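Visitor: Each chain, letter by letter, is given below.
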Amino acid sequence: MINKEIEDDNEAWDLVLEPKTSWYSLGLDQILRFKDLLFLFVRRDFVSVYKQTILGPIWFFVQPVITAITYAVIFGILADIPTDGVNPILFYMCGITLWNYFSDTLSKTADTFTANASVFGKVYFPRMIVPLSVVLSNLVKLGIQLLLFIAVWGYFLATDNTLHPNITILLVPFLILLMGFLGLGFGIIITSMTTKYRDLKFLITFGVQLLMYASPIVFPLSLVSEKYPQYKIFLLANPITSIIEAFKYAFLGVGEFNWLYLGYSLSFTVVLLFIGLIVFNKVEKSFMDTV
Amino acid sequence: MSKVVLKAINISKQYRLGQVGTGTIAHDLNRWWHLARGKEDPYLQIGDTNDRSAKGSSDYVWSLKDINFEVRQGDVLGIIGKNGAGKSTLLKILSQVTTATTGKVKIRGRIAALLEVGTGFHPELTGRENVFLNGAILGMTKTEITSKFDEIVNFSGVEKYIDTPVKRYSSGMMVRLGFAVAAHLEPEILIVDEVLAVGDAEFQKKCMGKIKNVAGEGRTVLFVSHNMQAMSSICKTGILLKNGLIDEMSDINTCIKKYNGLFGESVLTTMSIKDRLNRTQSSGNILFSNIQAFSNGKKTWDFRYDEEINFQIDCEAREQSDGLLFYMALQEPLTTDVLTNFKVVIKEGAVVKGQKVSFTITLPAKTLRIGQFLLYFAIGDAKQTRWYDVVDNNINLPALNITAIDMDPHYNSGMFSIPYKINVNN
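Chains as they are written, first to last, in this note's numbering: chain A, 1 to 291; chain B, 1 to 426.
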């Protein structure tokens with residue numbers, strides 16, 4: 001019997017549940033095992049949006065178009081903010097398309113734990129699947145909106161000779177990836193910090209709004225360099241600034257493209273995501289007790 | 001002996017009572033400060049046991065405390081206990097929904113938990129889409145679900161509605177579909193919480209059958225339910241939880257008997273019924289003051305099959321009342337179903353305040369078979385308009401224990417001997 005006990009303990013266990021985690025076990029193998037769930041979540045998020053609508057996915061077009069027109073009227077015509085000589089509609093659409101990807105990802109991943117508490121409380125799967133699925137389903141949405149943007153852009157490219165697209169357009173997928181991971185990084189840190197004390201949540205709702213004005217979405221960075229060069233450093237501290245500028249530069253040929261700034265955004269994203277993963281993995285184990 | 005597939009080592013779970021707010025941050029900071037200096041968490045030292053009716057002095061409570069057990073492959077383990085005994089907390093820890101405060105759980109093989117049916121159903125999606133979603137949430141791969149899809153739909157019996165959004169389903173249909181998916185999970189260890197309480201009788205039967213099958217295939221099942229009949233028919237071994245501690249760990253029937261108060265500590269020997277206030281009703285005009293069983297003039301609750309069983313009952317009137325009616329029942333220990341009962345008017349006329357009434361009841365020898373019987377006594381007024389006092393195993397009245405020295409196997413089946421007559425006609 002004693003021999004049997006020893007044998008039992010020596011034989012490998014498949015899973016050991018313990019209160020303490022090693023900080024480096026991020027459970028990537030678990031995520032791979034549940035990859036089908038990841039894609040089903042993406043599909044659910046995408047499909048459920050336009051259930052019981054007649055226009056279906058076309059609704060994804062409406063939002064950026066109306067927003068771009070509104071911005072063109074308010075910031076372009078009323079406030080008379082320059083757009084580096086580009087047609088205001090195209091200029092705003094360019095910024096909004098990429099910005100929306102970031103803000104949607106951030107605000108939806110930021111309530112991962114609270115919004116999914118009922119499912120998380122009943123069954124275990126790697127919690128990271130949920131924020132990842134948000135990144136992916138927003139990527140699909142971005143893809144659709146990007147198609148619209150490219151159509152509008154193509155029209156102006158053909159009719160207008162102020163646009164100077166260039167080789168940096170090849171960087172676009174990389175820029176999108178950076179934006180998605182930035183949103184994810186911020187989002188999972190926020191959701192981990194709001195499971196017990198919800199205070200931070202109030203900050204997020206208007207914080208995202210304000211962050212947009214701290215990024216060159218409705219104005220070009222060149223405007224700041226020109227008028228208030230001493231404050232430019234604050235704008236550049238925002239990792240989103242250089243990504244948006246590079247994106248505009250790639251398609252429109254205006255704005256500031258700088259490898260150094262982009263390098264900063266990249267390192268910011270990597271560090272943020274890394275911290276986010278560690279915090280998230282620590283919290284996911286027992287957040288059910290305090291959510 | 002088959003190998004151990006699940007091993008719980010010293011699991012404890014502490015919860016904080018009350019609301020989370022500005023008041024709790026001081027504790028959190030203090031805990032963090034202790035841990036940061038490499039000291040022990042100060043709040044793990046304190047905490048009341050998990051007894052929901054008693055008012056505790058601490059803000060912390062141990063929902064589970066030092067739970068140790070092993071489950072072997074092919075075991076069907078039933079976990080029973082009253083509300084708040086820690087059953088769900090234990091299941092949550094085993095199914096990884098939350099972690100224990102201290103302790104470890106070691107697991108071999110795939111484990112899947114069924115704490116709720118239809119987890120993650122999205123109301124806008126169709127039945128078909130939800131089968132895939134729910135299956136994946138429970139840990140199946142897409143190929144697995146595809147190959148079992150027809151079987152799942154068949155089992156659920158909602159073929160007709162499979163392409164309709166589930167928000168149009170009746171709640172019963174939703175449960176059927178949810179259980180159908182879960183029933184086709186094939187983990188090595190399956191954890192089932194009280195999910196059978198829903199659905200109609202036909203479907204419940206189907207579910208029970210499925211769980212039995214799973215067990216029959218040599219897989220391990222951990223089952224929680226308040227349905228003792230289901231428990232005793234499905235499970236082999238059992239764990240009885242009480243206030244966050246393991247009260248009994250043995251075969252399922254022993255646990256159920258103990259759960260039903262069959263082995264209540266004989267508090268009666270130290271404290272008379274008269275002084276106990278936790279009776280079902282104890283505010284009546286007449287109260288029981290003593291109940292004792294006798295065998296040949298000797299106080300005992302254990303009887304031989306061939307002994308006469310005598311009860312001495314003493315009552316005392318606290319107020320004037322209209323006569324006295326006595327009721328007695330024998331109950332089946334696993335289900336507490338009433339096996340037999342009788343009711344008799346002891347006194348027709350008025351019973352005045354302070355008057356004592358005593359009587360004895362005799363059950364003839366060789367009527368009760370070997371086993372244990374729960375007792376239930378009640379008194380009321382002669383016209384049977386209200387009950388004055390009820391005493392049963394809930395206040396730790398011992399059970400009647402019938403044994404036999406020469407074990408004739410015939411005494412061992414059935415519960416009673418009934419009078420019979422045989423005429424031999426030649």
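Since the hints were made in silico from the structure, they are not lab data.
Remember, it's a predicted structure, so these values are computed and weren't measured experimentally.
Ideal Cβ placement from N, Cα and C applies to all residues, glycine included.
Among the hints, a few may not be true.
To be verified - If the Cβ cut is set under 8 Å, some of the chain A residues that face chain B in the computed set are:
no., residue
1, GLU18
2, LEU37
3, LEU40
4, VAL42
5, ARG44
6, VAL47
7, SER48
8, THR114
9, ALA117
10, GLY121
11, VAL123
12, LYS285
13, ASP289
Said to hold, decoys possible - Taking lysine-lysine pairs in the DSS-like style, the calculated list, with each CA pair at most 27 Å apart, reads:
no., chain 1, residue 1, chain 2, residue 2
14, B, LYS257, A, LYS282
15, B, LYS3, B, LYS298
16, A, LYS285, B, LYS104
17, B, LYS236, B, LYS206
18, B, LYS257, B, LYS205
19, B, LYS366, A, LYS285
20, B, LYS167, A, LYS141
21, B, LYS7, A, LYS285
22, B, LYS212, A, LYS285
23, B, LYS257, B, LYS298
24, B, LYS104, A, LYS282
25, B, LYS366, B, LYS383
Visitor: Now, for every hint given, state plainly whether the structure supports it.
Guide: Results for each hint:
no., hint, verdict
1, GLU18, "5 Å, holds"
2, LEU37, "4 Å, holds"
3, LEU40, "5 Å, holds"
4, VAL42, "11 Å, violated"
5, ARG44, "6 Å, holds"
6, VAL47, "7 Å, holds"
7, SER48, "5 Å, holds"
8, THR114, "13 Å, violated"
9, ALA117, "11 Å, violated"
10, GLY121, "6 Å, holds"
11, VAL123, "5 Å, holds"
12, LYS285, "5 Å, holds"
13, ASP289, "6 Å, holds"
14, LYS257(B) x LYS282(A), "42 Å, violated"
15, LYS3(B) x LYS298(B), "49 Å, violated"
16, LYS285(A) x LYS104(B), "14 Å, holds"
17, LYS236(B) x LYS206(B), "20 Å, holds"
18, LYS257(B) x LYS205(B), "24 Å, holds"
19, LYS366(B) x LYS285(A), "60 Å, violated"
20, LYS167(B) x LYS141(A), "25 Å, holds"
21, LYS7(B) x LYS285(A), "19 Å, holds"
22, LYS212(B) x LYS285(A), "32 Å, violated"
23, LYS257(B) x LYS298(B), "26 Å, holds"
24, LYS104(B) x LYS282(A), "17 Å, holds"
25, LYS366(B) x LYS383(B), "33 Å, violated"
Consistency note: the structure conflicts with the earlier hints numbered 4, 8, 9, 14, 15, 19, 22 and 25.
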